[in-house]
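There are 2 protein chains.
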Amino acid sequence: MATDDDIKNLGEFGLIRKLTADIRNTNAGTITGVGDDAAVLDYTGKRVVVTTDMLTEGVHFNLVYTPLKHLGYKAAIVNFSDIYAMNARVKQLLVAIAVSAKFSVAMVEEIYAGLRLACQKHGVDLVGGDTTSSLTGLTICCTAIGECEPGSVVHRYGSGSNDLICVSGDLGAAYMGLQVLERELLLYQKDSSIQPVLEGYDYILERQLKPEARKDIVDMLAAMDVKPTSMIDISDGLSSELMHLCHASKKGCRIFAEKLPIHPQTRKTADEFNLEPLIAALNGGEDYELLFTLSLNDHEKIRNRHEITVIGHMLPEQEGKMIRMESGTDIELKAQGWNGLSR
Amino acid sequence: MATDDDIKNLGEFGLIRKLTADIRNTNAGTITGVGDDAAVLDYTGKRVVVTTDMLTEGVHFNLVYTPLKHLGYKAAIVNFSDIYAMNARVKQLLVAIAVSAKFSVAMVEEIYAGLRLACQKHGVDLVGGDTTSSLTGLTICCTAIGECEPGSVVHRYGSGSNDLICVSGDLGAAYMGLQVLERELLLYQKDSSIQPVLEGYDYILERQLKPEARKDIVDMLAAMDVKPTSMIDISDGLSSELMHLCHASKKGCRIFAEKLPIHPQTRKTADEFNLEPLIAALNGGEDYELLFTLSLNDHEKIRNRHEITVIGHMLPEQEGKMIRMESGTDIELKAQGWNGLSR
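Note that the protein sequences, when read in sequence, are chains A and B. Sequential numbering of the first sequence, starting at 3, is according to our numbering. Sequential numbering of the second sequence, starting at 3, is according to our numbering.
Among the hints, a few may not be true.
Copies of the same chain are indistinguishable here, so a pair counts whether it falls within one copy or spans any two.
[Claimed, not checked] Below are the BS3-like pairs computed for lysine-lysine, each with C-alpha atoms no more than 30 Å apart in a straight line:
id, residue 1, residue 2
1, Lys104, Lys336
2, Lys20, Lys252
3, Lys336, Lys20
4, Lys336, Lys229
5, Lys252, Lys10
6, Lys270, Lys217
7, Lys104, Lys261
8, Lys252, Lys303
9, Lys270, Lys20
10, Lys229, Lys217
11, Lys123, Lys20
12, Lys217, Lys192
13, Lys229, Lys104
These aren't lab readings, by the way, just hints derived from the structure by calculation.
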């Protein structure tokens with residue numbers, strides 16, 4: 003029987019009305035938001051920065067252990083992270099969602115609650131989107147739009163041969179959080195009377211399920227008048243992203259294993275899984291931290307900021323891309339990042 | 003065994019490089035295109051107009067009879083159409099694609115060939131996107147970005163009580179094309195020795211499989227110095243879209259059944275299916291024509307343009323929303339448009 007909670011009954015337009023009823027725009031540049039064929043924005047005097055990212059059920063998330071609100075939050079955050087990686091600020095978000103028949107209106111509202119929380123936290127207007135159906139599973143595709151002064155855009159290219167390599171926050175935690183979730187799921191699937199053990203993993207679980215995008219770092223660098231020479235966000239793992247910076251800048255690099263910021267809980271959990279914490283930090287992915295290079299002249303400004311760690315330096319291209327182990331040996335860096343397509 | 007044509011082997015970055023290797027930007031406002039965390043655009047002095055639309059396999063398209071190149075073309079066109087419906091011009095496109103393991107690199111390249119053909123035809127730069135995997139099926143989510151002079155944006159609201167209701171092209175053809183494709187598929191599924199009969203349906207099949215977005219109408223109206231008072235594109239059927247214009251403008255309307263532009267092949271095929279051509283024109287959907295209202299003062303300018311048909315006029319809200327049948331009777335309009343969510 004059709005109820006208020008039935009998407010079929012409500013229809014596409016009814017659902018969209020329900021999801022967008024109390025959306026209020028807060029940015030002066032948002033001229034028209036939801037409710038027309040397209041959103042209308044004003045970016046006079048600024049560069050427009052735009053990115054899109056798609057998350058699919060079973061590949062990017064497992065609904066068994068991912069709360070829908072967290073999923074909505076994360077879907078927005080991974081896009082915001084790309085905007086911050088350009089040294090820009092996010093202003094608007096568009097959201098396309100496809101759901102299968104198993105989804106209720108309340109479930110879609112939960113996803114939207116997460117999307118809106120992310121928007122609220124980052125000062126972003128939700129200005130449009132598409133809500134439609136799929137034969138199986140849930141797909142969310144977000145498009146984030148941001149702004150930047152013309153001279154402030156930071157690309158993947160641009161780093162010099164002696165530039166410092168910096169990273170915000172810590173690495174590998176989201177990956178270890180995923181390992182814990184997958185382990186508990188497996189145990190539960192074998193014996194459904196077993197309750198998942200998640201205590202003591204709160205930090206790494208939050209990093210996996212509710213990652214944050216580093217607006218604070220972009221703001222902090224601007225306040226210190228520091229412009230990175232190149233920047234990227236870490237979605238596929240430090241190794242893979244650093245290779246992108248090197249490739250785009252036509253440079254080599256050396257990072258130092260002992261310098262990589264790894265949270266104690268990440269180390270402890272990696273030990274538990276008989277994994278090298280270093281491997282989680284290099285290849286884990288989904289950290290959504292910022293990886294950037296700085297001119298040596300800016301070192302003084304950032305050296306006492308605990309949010310930023312200098313992990314190495316760039317090199318001329320022919321010197322290669324290396325990680326120096328604690329033993330003093332240099333090992334060639336390989337991009338073994340998370341690869342959605344090879345699963 | 004992995005071959006060059008194997009997505010797993012190529013990896014996400016390899017695939018993206020292959021798909022975007024020879025992309026060249028043509029618009030002055032495209033500062034940075036593919037290859038960074040986000041695209042960078044310059045929209046100084048203009049309004050930015052942005053829209054997103056998701057197509058999912060089995061709901062929006064059936065790969066049994068949809069060539070992948072056509073699908074790519076259509077995925078771009080449906081977004082361009084939303085930009086034109088704001089009286090704006092498309093400048094950039096972002097594309098997110100998720101494919102399951104059954105897709106080869108060559109298949110994804112075919113989709114891209116269609117996307118790029120649409121971009122080329124409409125003077126649009128493909129500036130970014132996301133290529134990832136899904137457990138089942140194909141999903142394409144496009145985001146189109148366009149520009150407009152600040153004073154030229156046309157919304158769904160804004161029409162006056164006496165304004166003329168106009169439509170470009172003809173209606174119901176894409177819907178009848180879909181009926182033919184579905185009929186032939188059904189026959190083929192019953193007896194695979196039967197060859198599909200598609201001769202004589204070329205116009206309506208093209209309307210379904212390779213629709214066009216009406217840039218020419220936006221250009222023509224601008225050249226005649228005509229600014230519609232409200233506008234929407236017809237994706238869900240004339241009835242449904244006209245209700246949107248009335249609702250947004252707080253107006254009623256009367257259209258005339260005999261005025262609706264219907265192609266002879268649409269009529270002939272509707273007869274064959276024992277369908278009223280009028281029903282196909284009102285509720286068929288996927289026409290991607292422009293529906294707009296004009297001040298009576300502009301009537302002279304458009305009356306001899308064969309691309310545009312005046313199908314009725316707006317009314318004060320309390321007079322209702324009606325279609326006058328050839329018999330002279332007024333019937334209340336209902337939005338029974340195509341609804342992806344109710345399938």
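Hints versus structure:
1. When the C-alpha separation of Lys104 and Lys336 is checked against a cutoff of 30 Å, the pair qualifies only between copies, where the shortest distance is 28 Å, while the shortest distance within a copy is 41 Å.
2. Taking identical chains as interchangeable, the C-alpha atoms of Lys20 and Lys252 lie at most 30 Å apart only when they sit on different chains, with a minimum of 20 Å there against 50 Å within one chain.
3. In this assembly of identical chains, Lys336 and Lys20 lie within 30 Å of each other by CA distance solely across copies; the values are 21 Å between and 47 Å within a copy.
4. With identical chains, the CA atoms of Lys336 and Lys229 are at most 30 Å apart within one copy only, with a shortest distance of 28 Å there and 57 Å across copies.
5. In this assembly of identical chains, Lys252 and Lys10 lie within 30 Å of each other by CA distance solely across copies; the values are 27 Å between and 53 Å within a copy.
6. Taking the shortest Cα distances, Lys270 and Lys217 sit within 30 Å of each other inside one copy (28 Å), while across copies they are farther apart (60 Å).
7. When the C-alpha separation of Lys104 and Lys261 is checked against a cutoff of 30 Å, the pair qualifies neither within a copy, at 47 Å, nor between copies, at 42 Å.
8. Taking the shortest alpha-carbon separations for Lys252 and Lys303, only the intra-copy value of 26 Å comes in at or below 30 Å, while the best inter-copy value is 58 Å.
9. In the homo-oligomer, the alpha carbons of Lys270 and Lys20 never lie at most 30 Å apart, since the shortest distance is 45 Å inside one protomer and 41 Å across protomers.
10. When the C-alpha separation of Lys229 and Lys217 is checked against a cutoff of 30 Å, the pair qualifies only within one copy, where the shortest distance is 14 Å, while the shortest distance between copies is 41 Å.
11. For the identical chains of this complex, Lys123 and Lys20 are intra-copy neighbours only, at 22 Å inside a copy versus 37 Å across copies, given an alpha-carbon limit of 30 Å.
12. Proximity of Lys217 to Lys192 under the C-alpha cut-off of 30 Å is found in neither arrangement, the shortest distances being 42 Å within a copy and 58 Å between copies.
13. Proximity of Lys229 and Lys104 under a CA criterion of 30 Å is satisfied in neither setting, with 48 Å inside one chain copy and 44 Å between copies.
This entry does not satisfy hints 7, 9, 12 and 13, going by the numbered hints stated previously.
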